[in-house]
Amino acid sequence: MSLPPATGAVELSSFKQHVIRLLTQSKRLDGRPFDSIRVPHILHENRQDTKINRVLASTLYTDDTGTCVNCIVTGVFGPPPPQHPEEGRLTVEVTAPFFPGYSAFQIEGTLHELARFVRSTIISCLDLTELCVISGEACWVLRVELILMNADGGLRAATLHAAVAALHNLTLPKARLPSGDVVESRCLCFHRIPVAATIGLCGTAGSMQFLLDTNAAEESVADVLLTVVIDETDGIVSFLHHGRFPLLLPHLTDAIDMVASHGAALRSAILKSSSPPQ
Amino acid sequence: MKRNGGRETPDGVRYPHIALDVLGQCHSSACVELGNTRVICAVHHPQQLVDEYRGSRGRVACTVRRSASAGSHSAGSAQPSVVTPEKDMSLALEGVAEEVVILEKIPQLLVEVVVEILAEDGGVWDAVATSMSAALVSGGFEMHDLFSACGSALLSDGAVVLDPDAAEESNAQASALVCVMLNSGEICYARHQGSCEPGTVLELVSSAMKGCLSRKSAITTQLINHPIL
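For the record, the sequence lines run as chains A and B.
Sequence positions in the first sequence follow the UniProt record's numbering and run 1 to 278.
Sequence positions in the second sequence follow the UniProt record's numbering and run 1 to 229.
Hints in this document: simulated from the structure, not taken from any laboratory.
Glycine residues also receive a C-beta, built at the ideal position from the N, C-alpha and C atoms.
Incorrect hints may appear among the rest.
[Stated by the list, open to error] Chain A is faced by these chain B residues, among others (derived, beta-carbon under 10 Å): (1) LEU23; (2) ALA42; (3) THR63; (4) SER67; (5) THR84; (6) PRO85; (7) LYS87; (8) LEU91; (9) GLU94; (10) VAL115; (11) ALA119.
[As the list claims (entries may be wrong)] What follows is a list of derived Cβ distance ranges for each label pair: (12) B:GLU94 x A:PRO178: 38 to 46 Å; (13) A:LYS174 x B:SER170: 54 to 62 Å; (14) B:ALA190 x A:GLU130: 45 to 53 Å; (15) B:GLN47 x A:SER36: 46 to 54 Å; (16) B:GLY185 x A:LEU240: 56 to 64 Å; (17) B:GLY6 x A:LYS174: 40 to 48 Å.
Let's have the full structure, built from the sequences with the hints guiding it.
Okay, here's the thing in structure tokens:
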């Protein structure tokens, strides 16, 4: 469940053989050690026309290599969901417009799965009752749009980090309902801040190799892919595993420990606010 | 009169800021900011036209997509319809690309161009045409000329303004758009909306042409100063 790597003019099968050959020599494509992550950089955009466009937040997520995600949060008033009248509404949409057209059907399922993953993870860390304005009548409807500019593996982690950076400390502005009531401004906060990383496993010569924060080429050759989401107390928020064979419990705990050792660095990188110079 | 983007006169235009090669996985790409309008154009690696087309000329296919948060007039969460203004724009851009790109130099190749409108405050056609021209140039495709576009609008008080922003576009009685080759001055695409007298249409089109050509030095300077080109 990942987007195909950008091989340029090289055939995908030849690219995979090249990556496998590098991995047998304990090397990675970008020269990183096996247990290192790509530290994200978050750029918050301050738009002057926020009131007109209903854009509440806009962040640009990049890391040192190819991944680039643009996250735009818009908010409008709407009715609350009938089954949860005390809560607000949150929708997540992931698009990848810059992939070639011939792979549109191939990546559509991946994008839907990404949106569901980001939404479920955010809902488990964010109190949706903070978005409620009038119980049963009016609530904030937040729409999180994630545009994948460049995709180089670790898409669940990248999209989740971009969305968390945009939603954390988001100010819902002071607004007026159609009925004339004035809604005061409110600050949206996470009660726990999730960070995620993707881990690939390659079984070569009987030994298991862990690749932390895989890129797209490694995801295409890895036997098992794990996505681990943890919070500040190193509690497991979400865990996704799919691959060609089942894993034993020590492998799972080793994977969680690898992500937990980099959790503080990831969290500080996401929450550090950097704005373009005025 | 006070206008958006620090302009004081009706014939003031917003100058584009061009960044090349912003996307790593594409053949070439360009990001253009025009005031509060931001557009990214990507050119994919050319593919072989094997089954559908054989001949001595290549093809340029264009797709324009608008981010759901880009425009202020995106009403709610309506279902995406089949016929959209972006579809019209992509078809017109394909016609412009056929005129500008020397297709005989890329026989039996399909060049796919994707444009994403990230933020919109009027002048979308201007930004899209400029970014597509910059992306094709940085991709190494042989072209007759650079091209860009400019719009003009007739406001309700009778004034003709160049490069209208979103508020001026929505309040305009009539508007015109011209896509022009920058060196030769030939018109690749022209469009008029609204209703006005025939003389005003000519005035709108000529104003748009002047605005388009006034950006020529800004566009060529940014393309020339790029280290790759």
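Status of the hints after comparison with the structure:
The criterion of a C-beta within 10 Å of any C-beta in chain A is met by LEU23 (chain B), whose closest approach is roughly 6 Å, and the hint holds. Given hint, ALA42 (chain B) at the interface with chain A, holds; its Cβ is 5 Å from that chain's nearest Cβ, closer than 10 Å. Given the 10 Å rule on beta carbons, the hint for THR63 (chain B) holds: about 7 Å separates it from the nearest Cβ of chain A. Given hint, SER67 (chain B) at the interface with chain A, holds; its Cβ is 6 Å from that chain's nearest Cβ, closer than 10 Å.
At its closest, the beta carbon of THR84 (chain B) sits 14 Å from a beta carbon of chain A; the interface hint therefore is violated under the 10 Å criterion. The criterion of a C-beta within 10 Å of any C-beta in chain A is not met by PRO85 (chain B), whose closest approach is roughly 16 Å, and the hint is violated. A hinted interface residue such as LYS87 (chain B) counts as satisfied when its beta carbon comes closer than 10 Å to some beta carbon of chain A; here the least separation is about 14 Å, so the hint is violated. Restraint check, LEU91 (chain B) versus chain A: the minimum CB separation of about 15 Å is more than 10 Å; hint violated.
Violation of the interface hint for GLU94 (chain B) is found here, the shortest Cβ-Cβ separation to chain A being roughly 14 Å, above the 10 Å cut-off. About 8 Å separates the beta-carbon of VAL115 (chain B) from the nearest beta-carbon of chain A, less than 10 Å, and the hint is met. Because the smallest distance between the Cβ of ALA119 (chain B) and any Cβ of chain A comes to about 8 Å, under 10 Å, the interface hint for this residue holds. A C-beta distance of roughly 43 Å is found between GLU94 (chain B) and PRO178 (chain A), which places it inside the suggested range of 38 to 46 Å.
The hinted window of 54 to 62 Å between LYS174 (chain A) and SER170 (chain B) is violated, with their beta carbons roughly 25 Å apart. A C-beta distance of roughly 51 Å is found between ALA190 (chain B) and GLU130 (chain A), which places it inside the suggested range of 45 to 53 Å. Take GLN47 (chain B) and SER36 (chain A): their Cβ atoms lie about 36 Å apart, and the range 46 to 54 Å is violated. For GLY185 (chain B) and LEU240 (chain A), the hinted distance range of 56 to 64 Å is satisfied, since their beta carbons lie about 57 Å from each other.
Hint check: GLY6 (chain B) to LYS174 (chain A), Cβ distance near 28 Å, so the stated range 40 to 48 Å is violated.
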